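All chains, please: the whole structure from these sequences, using the hints.
Oh and the sequence shown: position 73 is 73 in this note's numbering, straight run, nothing missing.
No wet-lab data here; the hints were simulated from the structure.
Incorrect hints may have been included.
To be verified - Below, in silico cross-link-like pairs of lysine-lysine (DSS-like), each with a Cα-Cα straight-line distance of 25 Å or less: (1) 144 / 333; (2) 236 / 48; (3) 144 / 170; (4) 144 / 82; (5) 95 / 170; (6) 71 / 95; (7) 144 / 95; (8) 278 / 334; (9) 71 / 144.
Stated by the list, open to error - Ranges of calculated distance between the beta carbons of each label pair, as one might list FRET restraints: (10) 120 / 90: 25 to 35 Å; (11) 144 / 120: 48 to 58 Å; (12) 115 / 341: 28 to 38 Å; (13) 123 / 322: 44 to 54 Å; (14) 233 / 122: 45 to 55 Å.
Just so you know, these numbers come straight off a predicted model, no measurement behind them.
Think of the CB as a built atom: it goes at the ideal place given N, C-alpha and C, for glycine as much as any other residue.
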Amino acid sequence: MRGRPTLPSLNWIDTACALVAHTETIALVPLRTLTISRLVISGKRKTKDIVFPVNDFAGNDLLSVFVDWIKTVDPDSLVDNKKSYYTGIATARRKSRSVFVSGIHGRFGARGASVNVGTHQVEHEFEEDHAPTLETRFVFSAPKGADFAVFAIERQSNSGSGVALAEAFKRHLMTTFNEFSFDLDTYQQSNAWLQNADILSVTAVEYRMPFDPAKGITPIPVLGQLETKFRPLKGKKHLPNTILPQLQQSGLSPDAVFTIPAPGEGEIRVEVEHDGQKKTYAINHEKTPVFRYVLNEDMTPPLTDSEFIRECRTQVEDCYLSFGLTWEAAWLKKSITSAPDLLKVASSGTTSGP
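Right, here's the structure in full:
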């Protein structure tokens, strides 16, 4: 008889907790974050200290170069056979000085199957050369006269098509315009906005997957997640600012923050406030930790395209203003979500204006 997997033999309290955790896990939508990457154009050798405006480097407009690349890129060039990652472009829409792209990204190299969580039936089997992919979005903006262009990249966990596509575009630029240097770096708001922000809370999150090497994965794939939150003392509004430098330490993990006993994949989140704005960031474990802006928490649906554009516009504007540059709202409008798909326009042989 087919149905839900049989729960392991537990006492009634553990059984109740397991049932609740199992039910919630099915509906859980993973946390998604946003990072801003800057693309800077500079000269080489004698002109290496010169930074060129993105709309005029040797008569070229970086936005037009990006649009042409998106429409004509060879799909094979986006396959990373060394790391076994597949990346593709689903849609691309241009409006004014921005391009809104939806891409797919996933790993290949192992056999597996997609299972219907309601019926527990295998819906699709995939082989070593098949890549189960995740669709994520990003915005590329190149304002006229600006010293740099930006990629506002959505990620789920640590995965996102925008990261791979930004790197692929950089490789294209280096090959096509070898008289210039192209530097791609992650904008750290922690060096600007966060310096003066007040800390509202710090949360260490541990994701669990019960696994016994002798028995394999248990009937309940995920029991739940453990969150430990550090808040100000009663009567206080903020945590001491001395906590922030500790969170920025290299390789800091959730169990190091609150001494969570069990190992597991996790992250640290910090909620901050400054100038009337509240923001939540997820901190990764890289050598130089990156503060990623939280788009949606766990167990919430991803943002709609219009909501995503709104968040991108806010973060991109903050980035340009922090460098003393101007930003015009017309450069990234919500209406970009209804602009013609550049890929379909390219295949039909017609042209589209700005």
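Decide if the proposed pair is consistent with the structure: residue 144 and residue 95, CA atoms, cutoff 25 Å inclusive. The hint holds at about 14 Å.
Are residue 144 and residue 170 close enough, with their CA atoms no more than 25 Å apart? Since the Cα atoms of residue 144 and residue 170 sit roughly 19 Å apart, the hinted pair holds (cutoff 25 Å).
So does residue 233 sit 45 to 55 Å from residue 122, Cβ to Cβ? Roughly 52 Å apart at Cβ, these two residues keep to the hinted range, so it holds.
Lying within 25 to 35 Å: is that true of the beta-carbon distance residue 120 to residue 90? 29 Å, holds
Against the 25 Å threshold, does the CA-CA distance of residue 236 and residue 48 hold or violate the hint? 50 Å, violated
Holds or violated: the 44 to 54 Å window for the beta-carbon distance between residue 123 and residue 322? 47 Å, holds
CB-CB spacing for residue 341 and residue 115 relative to the 28 to 38 Å hint: Holds: the Cβ-Cβ distance is about 32 Å, inside 28 to 38 Å.
What's the verdict on residue 95 and residue 170, does the C-alpha distance respect the 25 Å limit or exceed it? Given that 25 Å is the threshold and the Cα spacing comes to 22 Å, the pair holds.
Between the alpha carbons of residue 71 and residue 144, is the straight-line distance 25 Å or under? OK: residue 71 and residue 144 at ~22 Å, within 25 Å.
Mind checking the alpha carbons of residue 144 and residue 333 for me, to see if they're no more than 25 Å apart? Roughly 16 Å between the alpha carbons, so the hint for residue 144 and residue 333 holds.
Between residue 71 and residue 95, is the straight-line Cα distance small enough, at 25 Å or below? 15 Å, holds
25 Å limit on alpha-carbon distance, applied to hinted pair residue 144 and residue 82: Given that 25 Å is the threshold and the Cα spacing comes to 37 Å, the pair is violated.
Consistency note: the structure conflicts with the earlier hints numbered 2, 4.
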